[in-house]
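Student: Throw the hints in and build the complete structure from the sequences for me.
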Amino acid sequence: MHGVLEGFQTAISPQLLLAAFIGCFAGTLVGVLPGIGSTAGAALVVPLTYTLSPTASLTMIASIYAGSMYGGSTTSVLMNMPGEASSVVATIDGYQMARKGRAGAALSVMAVGSFIAGTVGLILVSGFAPLFANVSLKFGPQDYFALAAGGLVVLARMSGGSAMSGLFPMMIGIALATVGQDAISGTNRFTFGHYQMALGIDLVPVAVGVYGLSELIFLLEDKTTGGKVIAPKMRELWPTRQEWRRSFAPWFRGSFIGFIFGLLPGPSGTLSSFASYRMERAVSKHRDELGTGAVEGIAGPEAANNSAAIGALVPVMSLGVPFSATLAVMISAMIAQGITPGPLLVTQHPDVFWGVVVAMYIGNVMLLVLNLPLVGIWVSILRLPQRVLLPCIAVVSVIGAYGLRESYIDVYVLLACGVMGYVLRKFDFSMASLVVGLVLGPLIEKNFREGLTLSHGSMSYFVSSPFSLVVWIVVALLVFWKLFSRFFRKGKGTSIGPTGDVERDAEIIEAAAADS
Amino acid sequence: MLGVLQRLPAKNRGRLIIAGIGLLVAVDYTVASYKIGLGTLANTKAGMFPFFAGLVWIVISILTGVEALNHKYADGSIATPRDRLRVVLLFALAVVAMTVLLAFLGQYITASLFGVVTVRLLGEKSWIKTFVYGVGIGVVLSYLFMGPLGVILPTGPFGW
Numbered sequence: 003m004h005g006v007l008e009g010f011q012t013a014i015s016p017q018l019l020l021a022a023f024i025g026c027f028a029g030t031l032v033g034v035l036p037g038i039g040s041t042a043g044a045a046l047v048v049p050l051t052y053t054l055s056p057t058a059s060l061t062m063i064a065s066i067y068a069g070s071m072y073g074g075s076t077t078s079v080l081m082n083m084p085g086e087a088s089s090v091v092a093t094i095d096g097y098q099m100a101r102k103g104r105a106g107a108a109l110s111v112m113a114v115g116s117f118i119a120g121t122v123g124l125i126l127v128s129g130f131a132p133l134f135a136n137v138s139l140k141f142g143p144q145d146y147f148a149l150a151a152g153g154l155v156v157l158a159r160m161s162g163g164s165a166m167s168g169l170f171p172m173m174i175g176i177a178l179a180t181v182g183q184d185a186i187s188g189t190n191r192f193t194f195g196h197y198q199m200a201l202g203i204d205l206v207p208v209a210v211g212v213y214g215l216s217e218l219i220f221l222l223e224d225k226t227t228g229g230k231v232i233a234p235k236m237r238e239l240w241p242t243r244q245e246w247r248r249s250f251a252p253w254f255r256g257s258f259i260g261f262i263f264g265l266l267p268g269p270s271g272t273l274s275s276f277a278s279y280r281m282e283r284a285v286s287k288h289r290d291e292l293g294t295g296a297v298e299g300i301a302g303p304e305a306a307n308n309s310a311a312i313g314a315l316v317p318v319m320s321l322g323v324p325f326s327a328t329l330a331v332m333i334s335a336m337i338a339q340g341i342t343p344g345p346l347l348v349t350q351h352p353d354v355f356w357g358v359v360v361a362m363y364i365g366n367v368m369l370l371v372l373n374l375p376l377v378g379i380w381v382s383i384l385r386l387p388q389r390v391l392l393p394c395i396a397v398v399s400v401i402g403a404y405g406l407r408e409s410y411i412d413v414y415v416l417l418a419c420g421v422m423g424y425v426l427r428k429f430d431f432s433m434a435s436l437v438v439g440l441v442l443g444p445l446i447e448k449n450f451r452e453g454l455t456l457s458h459g460s461m462s463y464f465v466s467s468p469f470s471l472v473v474w475i476v477v478a479l480l481v482f483w484k485l486f487s488r489f490f491r492k493g494k495g496t497s498i499g500p501t502g503d504v505e506r507d508a509e510i511i512e513a514a515a516a517d518s
Numbered sequence: 005m006l007g008v009l010q011r012l013p014a015k016n017r018g019r020l021i022i023a024g025i026g027l028l029v030a031v032d033y034t035v036a037s038y039k040i041g042l043g044t045l046a047n048t049k050a051g052m053f054p055f056f057a058g059l060v061w062i063v064i065s066i067l068t069g070v071e072a073l074n075h076k077y078a079d080g081s082i083a084t085p086r087d088r089l090r091v092v093l094l095f096a097l098a099v100v101a102m103t104v105l106l107a108f109l110g111q112y113i114t115a116s117l118f119g120v121v122t123v124r125l126l127g128e129k130s131w132i133k134t135f136v137y138g139v140g141i142g143v144v145l146s147y148l149f150m151g152p153l154g155v156i157l158p159t160g161p162f163g164w
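If you're matching them up, the sequences are chains A and B in order.
Take the position in the first sequence, starting the count at 1, then add 2; the result is the number in this note's numbering.
Take the position in the second sequence, starting the count at 1, then add 4; the result is the number in this note's numbering.
FYI, nobody ran anything at the bench for these hints, they're computed from the structure.
Do not take every clue at face value.
So the derived list for chain B, only partly shown, Cβ under 7 Å to chain A, looks like this [what the hints assert, rightly or not]:
id: 1; residue: Ala46
id: 2; residue: Thr48
id: 3; residue: Pro54
id: 4; residue: Thr68
id: 5; residue: His75
id: 6; residue: Thr84
id: 7; residue: Gly119
The calculated lysine to any residue pairs, modelled on SDA-like cross-linking and capped at a C-alpha distance of 25 Å, are [to be verified]:
id: 8; chain 1: A; residue 1: Lys448; chain 2: B; residue 2: Ile62
id: 9; chain 1: A; residue 1: Lys102; chain 2: A; residue 2: Leu376
id: 10; chain 1: A; residue 1: Lys448; chain 2: A; residue 2: Ala135
id: 11; chain 1: B; residue 1: Lys76; chain 2: A; residue 2: Asp430
id: 12; chain 1: A; residue 1: Lys287; chain 2: A; residue 2: Gly103
id: 13; chain 1: B; residue 1: Lys49; chain 2: A; residue 2: Arg191
id: 14; chain 1: A; residue 1: Lys140; chain 2: A; residue 2: Ile337
id: 15; chain 1: B; residue 1: Lys49; chain 2: A; residue 2: Ser187
id: 16; chain 1: B; residue 1: Lys39; chain 2: A; residue 2: Gln198
id: 17; chain 1: B; residue 1: Lys15; chain 2: B; residue 2: Pro85
id: 18; chain 1: B; residue 1: Lys76; chain 2: A; residue 2: Met422
id: 19; chain 1: B; residue 1: Lys133; chain 2: A; residue 2: Ile395
id: 20; chain 1: A; residue 1: Lys235; chain 2: A; residue 2: Leu374
id: 21; chain 1: B; residue 1: Lys39; chain 2: A; residue 2: Phe194
id: 22; chain 1: A; residue 1: Lys140; chain 2: A; residue 2: Gly459
id: 23; chain 1: B; residue 1: Lys49; chain 2: A; residue 2: Gly188
id: 24; chain 1: B; residue 1: Lys129; chain 2: A; residue 2: Arg385
id: 25; chain 1: B; residue 1: Lys39; chain 2: A; residue 2: Ser187
id: 26; chain 1: B; residue 1: Lys133; chain 2: A; residue 2: Leu384
id: 27; chain 1: B; residue 1: Lys49; chain 2: A; residue 2: Ile186
id: 28; chain 1: B; residue 1: Lys133; chain 2: A; residue 2: Arg385
id: 29; chain 1: B; residue 1: Lys39; chain 2: A; residue 2: Met199
id: 30; chain 1: B; residue 1: Lys49; chain 2: A; residue 2: Gly142
id: 31; chain 1: B; residue 1: Lys49; chain 2: A; residue 2: Ala185
id: 32; chain 1: B; residue 1: Lys76; chain 2: A; residue 2: Leu479
id: 33; chain 1: B; residue 1: Lys39; chain 2: A; residue 2: Leu201
id: 34; chain 1: B; residue 1: Lys133; chain 2: A; residue 2: Pro387
id: 35; chain 1: B; residue 1: Lys133; chain 2: A; residue 2: Val381
id: 36; chain 1: B; residue 1: Lys133; chain 2: A; residue 2: Leu386
id: 37; chain 1: B; residue 1: Lys129; chain 2: A; residue 2: Val390
id: 38; chain 1: B; residue 1: Lys49; chain 2: A; residue 2: Gly459
id: 39; chain 1: A; residue 1: Lys140; chain 2: A; residue 2: Ile186
id: 40; chain 1: B; residue 1: Lys15; chain 2: B; residue 2: Arg88
Values in this document were obtained by computation on a predicted structure and should not be read as measured data.
C-beta atoms are modelled at their ideal positions from N, C-alpha and C, and glycine is treated no differently.
Tutor: This is the structure we're talking about:
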C-alpha cells in the first residue's frame, strides 16, 4: 500500500499528468485510426520519449497502450470495425447497441468499465508485483531461460492460427535479435561490414514495418474500408439506470478474469475479452439477449481487456519478460532509459515501478474524463478520407524510423519489415511472436550462455530446478497437444477462441451468439 | 513436385514457398553462426546461441512446410484485387522513392513530394486540393517532428 501511495505522489506531477494525457490522446487516436495499431503507435513514440524522465517516458507508453484499446473498441461500436484484436468482441453487442441508438451509452459503459478494471487491477498489482519480484529474486539462469524462452513459445503457439503460424515468425525475431555486437565478447555478428549494424536491429522500425507499413497495403487493397459511422449525440452518453445496474457485475467479473489472463503468456487482451464474453453467456441473467445489443456483452469484455493490460505489467516490471508486442516496446523504452526491468526494479526504482502502475490508472481516469466529451473528434477522424490518412501514416512511419538513431539503415529495415510483414500476414502468420522474439532474444541468449557456463556445458541444467521443469512441461503440453490434435483433425477445429484472424474470430463469436 | 504445388490451395502454396525460403535462410544463418565460432558448451563464443537458434529455425521451417502440405487454413483471398493492384504497386513505389530521395532532398521536400503524389494517386481529382493536401502533409508533419518534438531529420540542398 505504501508503494501505491508513493506511486500517486510520483504520478500526480505536472510532467507525468501531461505525459499520461498525451499518451491517452495519442493512444486513442492510434486505436481509432486504421493502419497503425497500438504496437506500431507505441514504437513510433519511443524516440520522442528519450528526452523525458524514465517514469514520464514509460507513463506515456503505458497510456498509449490503454488509450489504443479504448480507441480500438470505439471503432467496434461506431463502425463495427475492431481497431485491435482485443476489441473484436465489442463489435457484437456494441455495434448492435449503436444501431439501437445507444452508441453513447456503450462508449460510457466501456469507459467506466476501463476505470473499474484499472482500480481492481491496481489493487491486485500492488499484491502480485512484489510477490513476483520476491520469488524471482531466487531465480537462476535456468529459470529465467525457461520463463523467457518457454513464455515466448507459448505466446507463439497461442497467438492464433495453425501451430507454425506463430513459431516460424518467432524464429525470425530471435535471429534478428542476434544481429549486431555480441554483448559478452564484442564480436560483430551478421553486420555485413556495416558499422551501423553493430548496434543491432532496433525494435521500432521492425514493429512499425510489420504492423504499420504492411497494414497500409492491406487498407489499400480493401475496397470496403471506410464503413458507415454511427455518430452518438452528447445527450446519449449517459446510460439508463437499467444499463448501469446490468453493467456492474460484468465489470467486476471481467476485471478479475482480465487480470489473471494478463499474468500469463499469450495475447491476454484478446483471450480475456473472449473468456469474459463466454462467462457472461454462462452466468448473466440476460444471456438470451447477448448478441442483440446487451450491455453485459460490452461491459465484461471491455473491463477484461483493460484489466489484462494492467495485469500484464506484472511480468514486465517484476520479471522483465513481456508477453505482448506492445509491452515489448515498453521494455525496449526502459532499456533505452538505462532501466533494467526485473525483480530489482521494485526495490531499486520503486518510483518508476509504482509511478508507472499509478500512471496507467490515471490514464484510465483521463480516458473517462476526456474521451467521452471528445467523442465528436474521434467520429470526425473516422471520417477522414484515405487519401489524406495513408500518406500521413507513411510519412510518420519513415520519420519515426529515421529519427530513432538518425540512420538510413533503420529506414531500410522499416521497408524490409513492411514487405516481410505484408507477405507473412497475407499467409496468416502472426507477427506478435516476431516482435516479442526480437526483444526477448538477448535475454534468452544471456541466460542460455550463463547457464551453460555455470553448469560446465550440461544441457540438463536447464531443467534442473523445479520451476524450470514445471515451465517446460507446461510448454510441451500446450505446444504438442495442439500440434498433434491439429494434424489428426486436419484443422477442422471449431472451438470458441481467438484464432488470430479478426474476421474469423468475429464469425465464430457471432455464430456462438446466434446459437445461444 | 510442380504437380503437388499446383494441386495445393493458394494459401498452402504460399506458405510452402515461405517455408522453403525460410529453410534456405536458416541454413545460411546456421552456417554463418558456425563460422563466427561456437567455442565449447562450457565456454561459449558469439556463434553458439545463433547456431542453436539456426538449428531450431531449420526444424521449424521444415515443420512449416509439412504443415502447409497437410493443413486446411481459414479461407481468405490471397491475390490483390485487380482494380486495386495499380494503386497498391504505385503507393509501394512511392514509399520506396521517399526513402531513397530523403538523403538527397531532405525531409521537407521529400515528404511534400510524397504527399502530392500519393494524395493524387489515392483519388483526389482537383490539382489545387492535391497540392494543398500534399504539401500540407509534408510541411506540417515535418515541422511538428523537427520543431516542437526536436527530432533530427535529414536536411536537403537548401538546409531544410
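Student: Decide if the proposed pair is consistent with the structure: Lys102(A) and Leu376(A), CA atoms, cutoff 25 Å inclusive.
Tutor: holds, 21 Å
Student: Lys76(B) and Leu479(A) were given as a pair; does the straight-line alpha-carbon distance stay at or below 25 Å?
Tutor: holds, 23 Å
Student: Between Lys49(B) and Arg191(A), is the straight-line Cα distance small enough, at 25 Å or below?
Tutor: holds, 11 Å
Student: Is the straight-line distance between the alpha-carbon of Lys39(B) and that of Phe194(A) 25 Å or less?
Tutor: Given pair Lys39(B), Phe194(A) holds - Cα atoms ~14 Å apart, limit 25 Å.
Student: Run the distance test for Lys140(A) versus Ile337(A): straight-line Cα separation, threshold 25 Å.
Tutor: Roughly 22 Å between the alpha carbons, so the hint for Lys140(A) and Ile337(A) holds.
Student: Would you mind confirming whether the straight-line C-alpha gap from Lys49(B) to Gly142(A) stays at or under 25 Å?
Tutor: holds, 21 Å
Student: Would the pair Lys140(A) and Ile186(A) pass a check requiring their Cα atoms to be no farther apart than 25 Å?
Tutor: Distance ~23 Å between Lys140(A) and Ile186(A) Cα, so the pair holds.
Student: CA of Lys133(B) to CA of Arg385(A), is that 25 Å or under?
Tutor: holds, 18 Å
Student: So if I understand the rule, the pair passes when the alpha-carbon distance is 25 Å or less; does Lys133(B) with Pro387(A) pass?
Tutor: holds, 13 Å
Student: With 7 Å as the cut and Cβ atoms as the points, is His75(B) at the interface with chain A?
Tutor: This hint holds: His75(B) lies near chain A, its Cβ roughly 5 Å from the closest one there, short of 7 Å.
Student: Could you grab the alpha-carbon distance between Lys133(B) and Val381(A) and see if it respects the 25 Å cut-off?
Tutor: holds, 23 Å
Student: Decide if the proposed pair is consistent with the structure: Lys49(B) and Gly459(A), CA atoms, cutoff 25 Å inclusive.
Tutor: holds, 13 Å
Consistency with the previously given hints is maintained throughout, with no hint failing.
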